[in-house]
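Make a model of the complete structure from these sequences and hints.
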Amino acid sequence: MSGARFFASGDSSALRKRVRAAGRNAVLVDVQDFVSYPSHPEIATQRSWDPRKVTALVETWNREGVAVFPLLDFCTANDSWLGVYDRMVCSKPYDALVKDLLGDAYRIFARPKYIHIGFSNEDRGNHPKGGYAVMRQGDLWMRYLARTSEWVKATGARTWAWFDYPWGIKDFLADCPKDILYSNLKPLSDKRTADRFAQVAGCGCDVAPFIRSEADAAVAAKLPPVRVVGDVKEVS
Amino acid sequence: MIWAMMQHLGYNMWHDEAIWKDKKRWKWSNFCNDHLLCSDRSWNLRMKRLMEKGSGINTLVIDVGEGVVYPSHPEIAVKGSWSAEKLNAEVKRLKAAGLTVVPKLNFSTCHDFWLGDYARMISSPTYYRVVKELIDDTVEIFDHPPYFHIGMDEEGYKWSSGNAYCVYREGDLWWHDIAFYARCIEKHNCRPWMFSNPGTRDPKEFYARLPKTFLHSPWSYAEKFEDPDAPETSDTSRGKMFINMAAAGFDLVPCGSVWCSASLKARGLQVNVKNYPNLALFCKRHIAADRLKGFFMVPWCTSTEGGDFKFMAGCDMTDVARALYEGRNSI
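First to last, the protein sequences are chains A and B. First residue of the first sequence? That's 4 in this note's numbering, and the numbers climb one at a time after it. First residue of the second sequence? That's 32 in this note's numbering, and the numbers climb one at a time after it.
What the hints contain is simulated information worked out from the structure, not anything from laboratory work.
Straight-line C-alpha distance at most 27 Å; calculated DSSO-like pairs for lysine-lysine:
hint	chain 1	residue 1	chain 2	residue 2
1	A	Lys-236	A	Lys-189
2	A	Lys-181	B	Lys-52
3	B	Lys-235	B	Lys-255
4	A	Lys-225	A	Lys-194
5	B	Lys-235	A	Lys-132
6	B	Lys-163	A	Lys-95
7	B	Lys-255	B	Lys-315
8	B	Lys-52	A	Lys-95
9	B	Lys-123	B	Lys-218
10	B	Lys-110	A	Lys-95
11	B	Lys-126	B	Lys-341
12	B	Lys-189	A	Lys-132
13	A	Lys-181	A	Lys-116
14	A	Lys-156	A	Lys-116
A short, non-exhaustive set of chain A residues, derived as facing chain B with CB atoms under 7 Å:
hint	residue
15	Arg-127
16	Gly-141
17	Leu-143
Stretch-level coverage of chain B by chain A, calculated; a stretch enters the list once three of its residues show a Cβ under 8 Å from a Cβ in chain A:
hint	region
18	46-52
19	143-156
20	193-199
21	202-212
Glycine included, every Cβ here is placed at the ideal spot set by N, Cα and C.
Below, the structure written as structure tokens:
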């Protein structure tokens with residue numbers, strides 16, 4: 004797999020050309036509220052696409068040999084797209100919502116192999132100051148990583164997540180679900196990120212390094228090849 | 032003049048889940064329970080003390096939390112929560128004995144675990160609806176009290192960083208929600224009351240935006256209160272806070288305690304006997320009588336037999352503080 008990450012706001016045909024020209028065979032779509040979810044139309048905004056339009060587009064890409072994977076970022080620092088639910092994290096309605104949205108995404112994206120759930124740094128530094136802030140910490144964060152992954156698996160897809168775990172998760176390797184595909188969000192040229200990412204790959208997890216520079220590529224080349232199922236690049 | 036004492040009915044106000052369950056990795060345990068901690072025996076003993084002839088206490092603030100089955104939201108109750116009828120009957124009994132009985136629902140995100148699932152819906156439409164309904168219920172249960180305490184102490188990352196679920200409001204949202212609570216309370220012709228230390232907020236902005244319609248309880252558990260003109264120390268800064276708030280036009284009910292800090296415990300003390308009397312004398316000396324509406328003793332103890340000693344000490348210290356404030360030689 005070699006993917007391209009983009010936000011679903013550009014010209015799709017032009018983007019398709021760029022993706023193919025870059026030699027990519029998959030795209031990762033940061034969906035947010037760009038689609039009107041059938042189970043929760045209350046999340047939709049004026050910019051939301053009809054889900055049938057998205058499915059038609061995904062099928063076009065698939066026919067041309069490019070897989071399309073949805074990214075639904077459930078990191079609390081990046082989940083304002085959830086509308087009122089971004090202030091209900093870890094409540095019963097929130098849990099029901101996440102399950103529903105993952106099911107919707109699986110259907111809209113024509114049964115994708117992967118669903119990316121985000122889960123990058125969920126700590127104080129990544130929350131805007133001066134308003135509402137919520138973050139899951141420690142066991143609770145880890146439990147929600149595993150729980151959200153189970154919900155993804157229930158759809159039929161495999162979970163893909165950022166591995167950039169937050170401050171305080173000292174035993175990520177011991178506790179993290181091993182069947183998740185992990186990618187780095189922070190650059191691998193950052194030594195701490197590179198060291199941690201190598202540990203993740205070394206402990207039996209599949210990884211897809213996100214490469215944004217030659218320095219990132221150099222680090223990625225040293226990862227245990229048996230665990231590298233692909234890589235991610237940004238297509239501009 | 033208010034001479035208030037606080038009593039917990041509910042107790043799910045701290046840590047519903049520590050960051051790590053493994054105690055080797057994390058020092059705090061979970062404080063929340065699926066059953067009411069308040070024992071009937073302790074409750075009756077304490078109420079008897081409050082209703083004694085000659086008691087210096089004339090106001091009881093009941094921190095209700097999960098302690099009652101709210102008619103609009105019975106799902107918040109835990110095993111053993113009182114029925115609304117039982118609490119209403121108790122309020123009537125206490126009022127008949129001459130006490131003013133004031134409800135307290137702490138809405139600080141650091142102390143609102145009693146809200147159950149709704150503590151994870153802060154500032155959402157559901158949250159605002161539930162809070163309004165709980166306040167309506169509580170006003171009815173307390174027979175339309177003159178005051179309604181909303182807590183609001185210790186909200187911020189500093190205080191919630193030890194919780195697995197860390198949530199807090201800052202800036203305009205915090206002020207919006209303060210105004211929201213006030214509207215819900217004031218429509219019942221009831222005066223909101225809150226803890227009023229700025230905490231990590233900018234003091235200038237805090238005092239500029241704090242509503243004067245509230246009754247305010249800044250708190251200090253210091254043993255002594257130095258002359259405000261003395262060199263700046265933690266004691267003088269708290270004292271100055273009281274003075275500045277009164278000078279700015281806030282109605283104050285300064286809050287003290289018998290609670291012991293780590294340094295007092297290190298000296299072998301179980302009860303801080305100096306704070307409340309010294310707080311009363313300091314405020315008498317430095318705060319204009321028309322701004323000083325009373326004093327508030329919060330013993331910070333459980334509502335079980337283990338907490339009786341501190342509660343009784345809080346009552347005793349109120350008697351002492353009131354006698355000193357009123358210039359009496361005996362209590």
